[in-house]
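Sequences are here, hints too, so could you generate the full structure?
Residues per chain, in single letters:
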Amino acid sequence: MRLPEAEGLLADLASRMRAEVGPETGLVGIHTGGVWVAQRLHGLLGSTVPMGTIDIAFYRDDFARRGLKPDVRPSALPFDVNGRDIVLVDDVLYTGRTVRAALNMLFDYGRPGRVRLAALVDRGGRQLPICPDFVGGFLTVPNEHAMLLLRRTDSGSLELAMEEDVGGAA
Amino acid sequence: MQRNPQLGPKGELSHLLTIDGLPKDILLQILDTARSFVSVTERDVKKVPLLRGKSVFNLFFEPSTRTRTTFEIAAKRLSADVINLNVATSSQTKGETLLDTVANLAAMNADMFVVRHASSGAPHLIARHMGPEIHVINAGDGRHAHPTQGLLDVYTIRHYKEDFTRLTVAVVGDVLHSRVARSEIHALTTLGVPEVRVIGPRTLIPRDIEKLGVRVFHDMDRGLDGVDVVMMLRLQNERMNGALLPSANEYFRSYGLTPERLAKAKPGALVMHPGPMNRGVEIDSAVADGPQSVILHQVTFGIAVRMAVMAILAGNG
Numbered sequence: 001m002r003l004p005e006a007e008g009l010l011a012d013l014a015s016r017m018r019a020e021v022g023p024e025t026g027l028v029g030i031h032t033g034g035v036w037v038a039q040r041l042h043g044l045l046g047s048t049v050p051m052g053t054i055d056i057a058f059y060r061d062d063f064a065r066r067g068l069k070p071d072v073r074p075s076a077l078p079f080d081v082n083g084r085d086i087v088l089v090d091d092v093l094y095t096g097r098t099v100r101a102a103l104n105m106l107f108d109y110g111r112p113g114r115v116r117l118a119a120l121v122d123r124g125g126r127q128l129p130i131c132p133d134f135v136g137g138f139l140t141v142p143n144e145h146a147m148l149l150l151r152r153t154d155s156g157s158l159e160l161a162m163e164e165d166v167g168g169a170a
Numbered sequence: 001m002q003r004n005p006q007l008g009p010k011g012e013l014s015h016l017l018t019i020d021g022l023p024k025d026i027l028l029q030i031l032d033t034a035r036s037f038v039s040v041t042e043r044d045v046k047k048v049p050l051l052r053g054k055s056v057f058n059l060f061f062e063p064s065t066r067t068r069t070t071f072e073i074a075a076k077r078l079s080a081d082v083i084n085l086n087v088a089t090s091s092q093t094k095g096e097t098l099l100d101t102v103a104n105l106a107a108m109n110a111d112m113f114v115v116r117h118a119s120s121g122a123p124h125l126i127a128r129h130m131g132p133e134i135h136v137i138n139a140g141d142g143r144h145a146h147p148t149q150g151l152l153d154v155y156t157i158r159h160y161k162e163d164f165t166r167l168t169v170a171v172v173g174d175v176l177h178s179r180v181a182r183s184e185i186h187a188l189t190t191l192g193v194p195e196v197r198v199i200g201p202r203t204l205i206p207r208d209i210e211k212l213g214v215r216v217f218h219d220m221d222r223g224l225d226g227v228d229v230v231m232m233l234r235l236q237n238e239r240m241n242g243a244l245l246p247s248a249n250e251y252f253r254s255y256g257l258t259p260e261r262l263a264k265a266k267p268g269a270l271v272m273h274p275g276p277m278n279r280g281v282e283i284d285s286a287v288a289d290g291p292q293s294v295i296l297h298q299v300t301f302g303i304a305v306r307m308a309v310m311a312i313l314a315g316n317g
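Taken in sequence, the protein lines are chains A and B.
For the record, in the first sequence the residue sitting at position 42 is 42 according to my numbering, with numbers rising by one throughout.
For the record, in the second sequence the residue sitting at position 236 is 236 according to my numbering, with numbers rising by one throughout.
None of these hints come from the bench; they were simulated from the model.
Some hints could be false.
Using 16 angstroms as the maximum straight-line C-alpha spacing, the simulated EDC-like pairs for lysine to aspartate or glutamate come out as follows [what the hints assert, rightly or not]:
#1 B:K211 with B:D20
#2 B:K47 with B:D20
#3 B:K10 with B:D25
#4 B:K54 with A:D62
#5 B:K47 with A:D108
#6 A:K69 with B:D32
#7 B:K54 with A:D108
#8 B:K46 with A:D108
#9 B:K211 with B:E195
Note that the structure is predicted; figures quoted are calculated from it, not measured.
This is how it looks when you write it as structure tokens:
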């Protein structure tokens with residue numbers, strides 16, 4: 001199937017967020033694709049607080065089944081979470097399990113004033129009651145075993161790709 | 001070829017018994033994971049839910065405060081339930097065998113054993129008799145190994161020096177009786193440190209130590225010349241005044257790390273010690289508390305490293 005241009009989705013996502021997200025809002029990218037999207041949004045939205053990054057590996061609900069992934073990255077929220085307006089940023093929103101883990105993790109840093117969710121692509125298929133506040137675009141992926149993922153090219157531009165899922169849905 | 005008893009069928013880590021024979025990629029995975037746990041220990045809530053519902057048994061057949069405490073903190077920060085057993089004072093004195101003790105604990109649904117024992121090989125014995133769903137971590141066995149200490153030492157070195165492949169590292173003191181020294185040497189050589197030196201009196205350096213790929217020095221000033229890291233070992237009090245060593249004073253004169261001796265190492269060389277320290281025996285207080293000492297950071301990093309080991313083991317079945 002033909003995949004939409006990630007760069008176009010990013011521009012749409014930024015324009016939808018611009019009126020709603022202030023310079024003091026903390027953007028938090030979820031590793032790895034979400035961090036790339038958050039980095040770009042951080043510039044496009046003129047954020048004045050440094051962006052945060054989180055790796056949800058220690059909060060996954062499938063740890064007992066799949067173990068710890070070998071490349072857990074350090075998480076860093078370089079601002080006070082307490083009372084802050086926060087937007088969680090992910091690349092592809094699917095089951096909602098990643099967002100559930102990210103919310104739990106976020107609250108171990110403090111009590112945010114508000115948390116919203118931005119995703120570059122919403123592919124549907126939610127398994128939890130989670131709904132994004134901002135999306136770049138929607139995409140229906142008929143095969144549930146296909147993994148829709150974001151890549152970053154050497155030049156730094158973003159593109160979507162489809163892969164056969166080997167480890168079970170994330 | 002005999003399979004490494006620490007590795008599962010797919011080469012994954014299922015017990016941590018010794019660093020000897022562990023592949024470099026597993027060591028690096030532990031160090032990388034530990035770095036993420038360091039960021040956890042800097043938060044408001046220093047816990048993650050990974051080992052929720054799991055039971056970790058600290059089985060200490062030999063007294064230890066620091067190691068047992070850091071394992072306990074590590075397990076609790078992973079949300080495990082921790083049961084501390086000082087077996088030296090319980091069933092074993094009533095005549096129960098090691099394997100019977102452990103079998104009873106396994107019947108209480110243990111998921112992980114952290115074992116400290118005066119006999120080399122005791123954790124191996126336990127690991128061999130456990131089902132695949134129980135993981136064993138060696139917290140120090142006899143003179144054999146203390147793998148998490150070796151790992152936290154290389155974690156500390158990596159934190160400050162980043163690249164292992166350009167370092168000269170000296171391990172100083174009673175290498176003969178030291179399980180820490182052996183674990184450090186295996187970790188350093190596996191990670192590609194090009195020159196590992198051991199420094200100490202002839203009576204405290206094992207004769208065949210060069211087989212591990214180290215250079216031996218009996219003169220401390222020469223041994224410290226140009227090194228990037230000085231890893232001191234504890235001189236065990238019970239070894240003093242015996243046949244191997246004349247006296248604590250004399251030892252300090254020849255092998256104590258003083259500011260003058262440390263000046264032979266590279267500027268900014270790290271000073272490390274696994275603790276507990278004997279000030280004025282193997283290390284001068286001016287060095288132990290000086291700007292090049294990272295001794296207390298080792299303790300802090302030790303928690304993250306032990307969290308990483310437990311998380312990786314628990315995730316592997």
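The hints, checked one at a time:
Distance restraint check for B:K211 and B:D20: the Cα-Cα separation of roughly 13 angstroms lies within the 16 angstroms cut-off, and the hinted pair is therefore satisfied. Taken as a hint, the B:K47 and B:D20 pair is broken in the structure, with Cα atoms around 31 angstroms apart against an allowance of 16 angstroms. Among the hinted pairs, B:K10 with B:D25 is consistent with the structure: their alpha-carbon atoms are about 14 angstroms apart, no more than 16 angstroms. Taken as a hint, the B:K54 and A:D62 pair is honoured in the structure, with Cα atoms around 15 angstroms apart against an allowance of 16 angstroms.
Between B:K47 and A:D108 the alpha-carbon distance is near 8 angstroms, which keeps this suggested pair within the 16 angstroms criterion. Only pairs whose Cα atoms come within 16 angstroms are accepted, and A:K69 paired with B:D32 is accepted, the gap being roughly 11 angstroms. Between B:K54 and A:D108 the CA atoms are separated by roughly 21 angstroms; this puts the pair beyond 16 angstroms, and the hint is violated. Distance restraint check for B:K46 and A:D108: the Cα-Cα separation of roughly 8 angstroms lies within the 16 angstroms cut-off, and the hinted pair is therefore satisfied.
This hinted pair checks out: B:K211 and B:E195 have alpha carbons roughly 13 angstroms apart, not beyond 16 angstroms.
Of the numbered hints given earlier, the model fails hints 2 and 7; all others are met.
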